[in-house]
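Student: Chains as they are written, first to last, in numbering that gives the first Met the number 0: chain L, 0 to 287; chain U, 0 to 287; chain G, 0 to 287; chain R, 0 to 287.
Some hints here could point you the wrong way.
What the hints assert, rightly or not - Simulated pairs of lysine-lysine, DSSO-like, Cα-Cα distance not exceeding 30 Å:
{"#": "1", "chain 1": "L", "residue 1": "207", "chain 2": "U", "residue 2": "207"}
{"#": "2", "chain 1": "U", "residue 1": "14", "chain 2": "R", "residue 2": "63"}
{"#": "3", "chain 1": "R", "residue 1": "256", "chain 2": "L", "residue 2": "256"}
{"#": "4", "chain 1": "R", "residue 1": "256", "chain 2": "U", "residue 2": "256"}
Note that these hints are calculated values from the structure, not bench results.
There are 4 protein chains.
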Amino acid sequence: MKSSAILLVSCPDAKGEVASIADFVYRHGGNILHADEHADEESGLFLMRVEFDPKDFDIDLADKDLADFRRQFSPIAEKFRMTWRLALSSHRPRMIIFVSKYDHCLVDLLYRHQSGELACEIPLIISNHPDNQRVANFYKIPYAVVSITKDNKQQAERQVQSLIEEHKADFMVLARYMQIFSSDFVNRYPQRIINIHHGFLPAFIGAKPYHQAFERGVKLIGATSHYVTEVLDDGPIIEQDVVRVSHRDTVDDLIRKGRDLEKVVLSRAVRLHVENRILLYGNKTVVF
Amino acid sequence: MKSSAILLVSCPDAKGEVASIADFVYRHGGNILHADEHADEESGLFLMRVEFDPKDFDIDLADKDLADFRRQFSPIAEKFRMTWRLALSSHRPRMIIFVSKYDHCLVDLLYRHQSGELACEIPLIISNHPDNQRVANFYKIPYAVVSITKDNKQQAERQVQSLIEEHKADFMVLARYMQIFSSDFVNRYPQRIINIHHGFLPAFIGAKPYHQAFERGVKLIGATSHYVTEVLDDGPIIEQDVVRVSHRDTVDDLIRKGRDLEKVVLSRAVRLHVENRILLYGNKTVVF
Amino acid sequence: MKSSAILLVSCPDAKGEVASIADFVYRHGGNILHADEHADEESGLFLMRVEFDPKDFDIDLADKDLADFRRQFSPIAEKFRMTWRLALSSHRPRMIIFVSKYDHCLVDLLYRHQSGELACEIPLIISNHPDNQRVANFYKIPYAVVSITKDNKQQAERQVQSLIEEHKADFMVLARYMQIFSSDFVNRYPQRIINIHHGFLPAFIGAKPYHQAFERGVKLIGATSHYVTEVLDDGPIIEQDVVRVSHRDTVDDLIRKGRDLEKVVLSRAVRLHVENRILLYGNKTVVF
Amino acid sequence: MKSSAILLVSCPDAKGEVASIADFVYRHGGNILHADEHADEESGLFLMRVEFDPKDFDIDLADKDLADFRRQFSPIAEKFRMTWRLALSSHRPRMIIFVSKYDHCLVDLLYRHQSGELACEIPLIISNHPDNQRVANFYKIPYAVVSITKDNKQQAERQVQSLIEEHKADFMVLARYMQIFSSDFVNRYPQRIINIHHGFLPAFIGAKPYHQAFERGVKLIGATSHYVTEVLDDGPIIEQDVVRVSHRDTVDDLIRKGRDLEKVVLSRAVRLHVENRILLYGNKTVVF
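The following block holds chain L by itself, in its conformation from the complex (with noise of 0.2 Å):
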């Protein structure tokens, strides 16, 4: 894959905003190999990702405050009011990847990982379950145990942040973690933490989804990736996908079922984002 750079734009809808920033590009060295946007009629909103080569770019790329960048690129930024981020292929984003006891999306995304599918390090898992420390093993990647109950709750995510800090973390990935984070804890990774929920959500919110898809009797059961918020299941929908169930299939079969679409589900998402494909307006995603 060749280098590339990312630059993903969110603001007010405009004339010229293509134009503007396709000349910068092109007046800096740079060329594009893509280019996506949307304009979101109900908030007003432009959300643009453009991917260009910057073997010829003649803007420092290599600094890492972008300082250069950031300087030849506030006028457009400002003239349109502008919320930007850069991001350059080249750069792994660093994931922490949470997990209980199912290991399934666990095993999954370390294969992906190891298989080049993901373009990104993996520099820890953490746990509240000793269990799946063979694995880790296995692909080599550092496994930290932290016990989460009820008494410990708020010095129990005090180290898992003090892990996210230390390991320098870009993301984490709920892969099953079965534990619920504060709002503390959520509100200081806005658009940083990933969950796969096993429900064709808004259907089945909260505890045991295969069960409460079972009792209602429905004939498809999904899954759904989205960014965690404080509300519960609710934050925005990055990815989903069902698979037909019939009156033959148990519960044990749903969550068998499932468990294929959850590795699917979880890995495209985090696909996506590793890819910086993805770009939030209010609780909703765009997916370049």
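Add chains U, G and R to chain L, keeping to what the hints say.
Tutor: Coordinates of chains U, G and R only, in the frame set by chain L:
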């Protein structure tokens, strides 16, 4: 299509049920074409559908009351405490279609009926608007307008009920009929009213499900066909399906994509009902 | 739907193309609503679709020959050796539908057209059979019968050609039209004839694809919409979809299930064509 | 999962077959849990799968040769000229996995086996490369390397055959095994070798199906699991599935998306085989 007889059975699970039924059909000269059964562990129920060729059957099935069959089958039925029903594929059930202004499901059902996909009669279309008269004329189906307002609801339902009786309807299909029947009315026709809901139940119950789905930012929208019960959008689900959407889709796009879903899901449900493939247990369906 | 202008561009990949086009639109007062592009590495081709709001555009687009636009845009077009086309959403392209006896795709297209899903005109239906006259009448579309036999093929094609010219058709849709046009005829209308093949191309080319699929025992059947080229069932694929089948499905069931596929796949392809979303490179399509 | 006995029957279609089998099971104290049957009109074949609870069955099923069952069932079997087989869910069939360098299907099967999804034993993995030894070790499965070259093919197949016998394998799975067995070898194991083909058969037979699919510009790619026969990629299809692709997908993307398909399709096929749900008629499968 060959003529066939379909025996539908529901009873407490017990040994010897399949053998007794298969033997009964065989002893009387029937040839089993299809046999499906399901034992529901939770409720301890056994459900079975046997389709047989009655060409050489030695029990008279021409009698409308099936007195002979009833007498001969009663020892088995009583032994296993069976609830049962015998249907003949030569009998085309009579379906009344209810429609308001949106005509896509109506047009779809009429076309499928004409092309032979639905082995039923359509003696009448009932609407609360005159708009779809022209379509009814094209397909040569009588069209009755029964206005329903807040004030005349009880009276209107009596009128509808008279039409159902007069036209000897076996079942009713609400093809995007925008009125909610009273509990009294609904309870009169258990497992005899099929609705199409333009949402993936149990998500997005009630009004404007596509708008709800748009607001929530889901990545798939769905449609659900179910039997109507007293509780809104809560009856046994017959069929569901979904289609992918993205940030590029406006509410209008959701409505457009949803039309295709609604047509396919409703027509599948109607076909399954007409072919006597649906059995109920609790608030769930077995679809054989 | 707002009126918009759509610029479609195809050229050798080079730096500055997005910027030049975006800047051109902006300088002349257009507001870009959607922009999509694709660079094909293999062929070195750059393809782009830009949709803009022409309300304040200072170039006259009312002129049918677009002489003014052509003059102003030519420096860019020449610099990058662009093949380009400008379409106005206010111009509803004229589509002639070809049909034989099977009417499901015809009925589906006419219904969608009437309900506003397809922003085109339908000046004429051409058939080699009189059977579908009644449907045409219902939708008030002229219906011409052009019989084709082995002996009169050349003459029949000349007659069809006259009808195409007379009705100023922009493109033709073969909605289960059971005749194969000559190479001469086909080559006259590149990327202007859309066909629906009732098989998952490139599997099951030629006659009776559902019978072929049944014989092979596949677990999914498909339908494919493509532009017609000289080579049978080999043109650029626009859209495909599949549906699950099993041993319980007879050939008749495959045909029935296939009808739903064909309708959906063909209508999606027509809609994409009407909205100027399809660009060709080699024998493949980019669908924006 | 309860222990059960599964009777698989194939015979010319005739009256009384279901009754005779159901009665036989009942008379001997078995309780039918599931019964599925299919009559194929073309070939005049009747196929049936009966799963029953043998807890109170009065015929000895512990005997490996099933001599008692054989004797008692033979009158029915002879009367209807049945080909039949009795399997016990308590017997876990022995599966040898063949793999080359691509490990995704291998890893997936091993993980599913470990998590209890596949009720079989895996006595051995055979590969023509040493690469996947480490994965085998992690799952504690013996791993044999049998190099195959043009010159030693006959000898290598003899070696494989010895391993199959030595490990008493019931069936073999080619989990992206990049060698083609000789007809001699294949014919030794009818309906006992399962392959995964990374294309939507019968499209894209042979080598590099994803490259073929990319060249043709299809909008969906597929994977197919089938029993291996003498003719390449032509055996009875067990399971297929597809995933959507677009012009944005490179060949590498097709390969990546295809991996997920291959895993799911192959593991479903293996599970169906292990649960004795597949019957053959001609070159086709019935999947109960």
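Student: Decide, hint by hint, whether the structure agrees.
Tutor: Hints, one by one, checked against the model:
Proximity of residue 207 of chain L to residue 207 of chain U is assessed by CA-CA distance (about 28 Å); at most 30 Å being required, the pair is judged to hold. Pair hint residue 14 of chain U plus residue 63 of chain R holds up; C-alpha atoms about 26 Å apart against a cutoff of 30 Å. Between the alpha carbons of residue 256 of chain R and residue 256 of chain L the distance comes to roughly 19 Å, so the proposed pair stays at or under 30 Å and holds. Taken as a hint, the residue 256 of chain R and residue 256 of chain U pair is honoured in the structure, with Cα atoms around 25 Å apart against an allowance of 30 Å.
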